[in-house]
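Chains as they are written, first to last, in my numbering: chain E, 36 to 705; chain R, 14 to 157.
Take the hints with a grain of salt, since some may be wrong.
Going by beta-carbon spacing under 10 Å, a handful of chain R positions derived as facing chain E [claimed, not checked]:
no., residue
1, T47
2, M53
3, V54
4, H57
5, S67
6, G73
7, S75
8, A91
9, P95
10, T103
11, P109
12, V116
13, L123
14, K129
15, A133
These are computed hints drawn from the structure, not numbers from a lab.
Keep in mind that this is a model prediction, so the values were computed, not measured.
By construction, the Cβ of each residue, glycine as well, lies at the ideal position given by its N, Cα and C atoms.
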Amino acid sequence: MENIGALAIMLAFCLSIYSVAASLVGAWKKKPFLIASGERAVVAVWALIMLATGILLYALVTSDFRFAYVAAHSNRDMPWYYKVSSWWGGQEGSLLLWNFVLVWYAFVVVIQNRKRHRAMMPYVVATLMATQVFFLTLNTFPASPFQMLAQGQNIVEVQDGNGLNPLLQYWTMLIHPPILYMGYVGFVVPFAFAMGSLITRQPGDQWIFTTRRWAIVTWIFQSTGVLLGAGWAYAVLGWGGYWGWDPVENVSFLPWLTSTAYLHSVMMQEKKGMMKIWNIVLVASTFFLCIFGTFMTRSGIVASVHAFASSNIGNYFLVFLVLGIALTIYMILGRLDYLKSEAELESVVSRESSFLFNNLILLASCFAILWGTLFPVISEAVTGEKVSVDAPWFNRVNIPIGLFLLFLTGVGPLLSWRRASAAGLKRNFQWPFIGMVVFMAGLFAMGVHHPYALMTFGLCLFVTWTIAQEFYKGTSAIAKKESMGFLPAVVELTHRNTRRYGGYLVHMGVVIMFIGFAGAAFNKDSTVEAEQGKTFQLGRYDLKVTGVKSGQTDNYVWQSATVEVAVGGKPYVTLEPERRIYSQSQQPVGAVKILRKWNEDLYINFAAMSSEAQKPIIQTYIFPLVSWIWVGYWVLLAGSLVCLVPSKVKLSYARTEVVGMAGKHEKVAK
Amino acid sequence: MAGICLAQTGDMVPPEVRRVGDRLACLCGSCNNTVATCQMVGCHYTAPARQRLSEMHKSGVSDDAIVADFVKREGKKALAAPPTEGFGWTAYLATPLMALAGVGFLTWYLRRSRRKAVAAQAEETIDVEKYQKAAERELSRFDE
């Protein structure tokens with residue numbers, strides 16, 4: 036069986052190379068049979084990778100420790116679902132997951148476009164399969180998941196595996212890596228179509244319309260993956276930090292920033308025929324940042340608590356990145372004439388300009404995070420001395436950027452295309468602005484003096500007001516014209532232009548998340564060596580440890596502390612945080628208990644037993660408003676899904692072609 | 014919301030540890046926190062660092078001198094953020110400079126676009142005037 040798995044990967048590798056070659060030669064020599072053969076090779080690669088994955092999964096679930104990978108990343112007593120998640124718990128398996136997700140995307144693209152985009156498809160397939168060749172190279176040579184332990188050859192039989200890293204034995208880890216990968220890998224599709232469009236000099240913006248849904252779907256996966264990671268860190272690492280500016284967290288966020296910039300700037304190309312070069316650059320940047328993120332995680336050039344699978348395959352990534360970026364730059368430079376804008380900006384105060392500023396801010400944030408992440412390495416290379424760039428530096432740089440972005444979230448959508456008038460600005464922004472100032476003054480009077488928190492709350496109100504205003508105006512008009520109730524009119528309004536109103540919902544989700552982030556300014560914590568029966572206090576909570584219990588499961592031994600919580604002298608809730616020591620890894624891990632409420636979370640971690648007095652060490656935290664982050668995500672998700680629904684009314688936008696393309700119009704003969 | 018945020022008591026980490034510790038990195042190697050914010054119980058770096066910090070504070074050493082002492086022992090990596098000297102400045106200046114360059118590029122782009130727009134509009138106006146004159150000439154022939 037193991038040989039079949041290795042053979043499947045090897046054959047998939049060979050067929051991927053064939054697919055690239057057949058597609059390119061077929062397009063060059065205009066041989067349809069070769070093009071078709073290249074596409075069929077994709078289906079064969081898909082089948083082979085499914086087979087290889089199936090074999091690895093079977094080995095994991097049946098604890099077949101002849102496989103080195105299975106022995107290194109699972110053990111017999113793990114529940115079956117964690118055995119499945121061991122698939123991405125180590126280097127070789129997670130690279131196979133890359134291949135798995137990538138080949139699914141390639142398969143769907145080929146099936147979807149059997150009769151469409153025939154001129155572009157050979158190059159799309161070649162780009163997809165070239166990426167597949169790279170990842171299959173890794174799985175075939177330096178990181179094969181089918182390496183066997185030489186059991187029965189004078190080597191002691193492996194009775195049980197090492198087990199999965201205990202930090203990964205948490206429910207979000209069952210879905211976080213696959214979803215994040217679906218977001219990362221997914222951007223290869225818009226990138227492949229962009230390349231296909233560039234190579235074939237497709238007229239119009241065909242690749243934009245074709246890949247619009249792909250881009251939104253993969254952005255949803257990226258957002259979900261990042262948020263699941265934050266949720267995992269919050270609930271598992273034991274100190275409630277959902278974002279710690281760790282290098283691996285940072286590199287997962289970079290493609291999200293560029294893809295968000297792309298989703299905004301692409302509207303300029305769709306509606307105005309502008310920013311064509313920029314959109315190609317953003318799509319390519321997103322794709323290469325995804326590869327860069329994987330390179331950072333694998334190469335070990337920066338230390339990270341999340342780098343579960345670092346190794347020496349970094350050089351492969353570096354070569355792929357350099358070649359890919361060089362080729363993309365060459366393609367763009369060679370086709371600048373084809374990428375010319377069809378229109379020009381007419382005013383600084385316009386929707387177009389707000390998109391430009393939005394892009395500038397998103398990229399500034401991207402650059403700041405990248406710079407901060409790489410600075411220790413760069414500094415050491417330049418000065419020979421190591422420096423640290425920790426969370427305070429990232430907060431100092433990114434909070435102002437985030438606040439400006441939040442401001443633009445409120446301003447941008449209300450500016451009109453082409454040119455905003457002074458009267459329009461006053462009409463749209465007067466009351467939200469006054470409301471924001473009054474609200475901030477009120478909060479200040481109530482004692483909220485943290486400047487960033489104050490500004491965040493104020494801006495959140497401003498953006499909420501502008502969004503509500505937009506919905507109200509549109510809904511009122513429809514309700515009046517169509518004699519509808521208010522709620523059906525909201526649905527009707529949203530259905531008429533799903534991308535616009537779905538986008539507003541996404542913005543609202545971001546606003547709600549910012550409220551959650553601002554709550555961090557008021558976090559409280561305490562660490563006590565708790566004496567049984569004696570009360571300690573944090574905030575309005577009186578806490579008392581009434582007992583310590585212990586027990587054992589097949590997978591770990593556990594110890595829990597019973598913590599009775601009272602508010603105002605009245606019993607409120609009893610929480611039982613646990614600490615576990617996993618049998619195979621002997622690694623202690625906390626299982627925190629969180630009382631989640633809309634206004635704050637009470638978070639209790641049973642950190643350890645004190646070595647001298649054998650008393651439980653209890654860490655208690657109050658995290659105000661943190662639940663708003665997760666609620667914000669659901670709103671963001673709902674908004675993104677609305678964007679995917681086709682609009683009821685097909686809108687066409689007048690392009691300012693007379694202005695921008697004047698030179699291209701034929702002159703009237705004199 | 015403000016009420017919720019204000020209904021908290023003071024925290025347990027002594028203020029001097031919070032203040033000075035925020036300037037010092039936790040060098041345990043498994044977190045990205047500062048000596049003030051590291052939450053690992055018995056962290057092999059933060060726990061003794063906090064103790065030393067408290068002792069120095071009690072013996073009247075200033076905040077800057079405490080930080081300087083940590084840098085002397087551990088090197089510049091003891092600081093939570095790059096030092097504001099020499100190459101360390103680039104950590105702080107690179108992002109604002111890039112943002113400024115971006116704003117500069119946007120300004121140039123907007124000006125160029127507006128110039129083109131005005132030129133095209135002027136060209137369009139000349140064309141319209143030309144057609145209007147031609148139309149008037151033709152119409153005047155009909156009158157004749």
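Comparing the hints with the structure gives:
1. T47: holds, 6 Å
2. M53: holds, 8 Å
3. V54: At about 4 Å, which falls below the 10 Å cut-off, the nearest Cβ of chain E leaves the hint on V54 of chain R intact, so it holds.
4. H57: violated, 14 Å
5. S67: violated, 15 Å
6. G73: This hint is violated: G73 of chain R lies away from chain E, its Cβ roughly 26 Å from the closest one there, beyond 10 Å.
7. S75: violated, 20 Å
8. A91: Nearest chain E Cβ about 7 Å off; hint holds.
9. P95: P95 of chain R check passes; min Cβ-Cβ to chain E is 5 Å, inside 10 Å.
10. T103: T103 of chain R check passes; min Cβ-Cβ to chain E is 8 Å, inside 10 Å.
11. P109: holds, 9 Å
12. V116: Nearest chain E Cβ about 7 Å off; hint holds.
13. L123: At 6 Å from the nearest chain E Cβ, L123 of chain R passes the 10 Å test, so the hint holds.
14. K129: holds, 5 Å
15. A133: holds, 4 Å
Hint compliance for this structure: hints 4, 5, 6, 7 are broken, all remaining hints hold.
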